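With the numbering used here as the guide, the letters of the sequence shown map in order to residues 9 to 78.
Calculated directly from the structure, the hints in this document are not laboratory data. Being a predicted model, the structure only gives us computed values, none of them experimental. Each hint should be verified, as a subset may be incorrect.
Across the chosen pairs, the derived CB separations fall in these ranges [as the list claims (entries may be wrong)]:
(1) Glu74 with Leu31: 42 to 52 Å
(2) Val32 with Arg12: 12 to 22 Å
(3) Asp73 with Leu48: 32 to 42 Å
(4) Lys70 with Pro42: 33 to 43 Å
Virtual Cβ for every residue (Gly too), placed ideally from N, Cα, C.
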Amino acid sequence: MFFRLLFQRETPWRVRALLIAALVYLLLPFDLVPDWILGLGIVDDLTIVSFLTWLALRLLEKDTDENHSE
């Protein structure tokens with residue numbers, strides 16, 4: 009679903025930007041908490057990527073609701 013939303017033409021730019029930010033954060037070697045700190049580095053990756061994905065889905069839901077109410 010993540011990649012489907014990312015590559016669909018109908019996906020709003022704000023949603024696409026959040027999904028790209030989540031993917032970039034996951035792939036970049038720089039983290040808020042280094043990965044070598046007893047698993048906390050992985051937890052911060054999961055937390056940030058999950059939050060950005062959740063926020064993108066909320067924005068998509070809001071955008072869809074606004075389009076249906078018109």
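Hint check results:
A C-beta distance of roughly 26 Å is found between Glu74 and Leu31, which places it outside the suggested range of 42 to 52 Å. At roughly 18 Å, the beta carbons of Val32 and Arg12 sit within the given window of 12 to 22 Å. One distance hint, 32 to 42 Å for the beta-carbon pair Asp73 and Leu48, holds here, with the actual separation near 37 Å. A beta carbon spacing of about 35 Å between Lys70 and Pro42 agrees with the range 33 to 43 Å that was offered as a hint.
Of the numbered hints listed earlier, the single one contradicted by the structure is hint 1.
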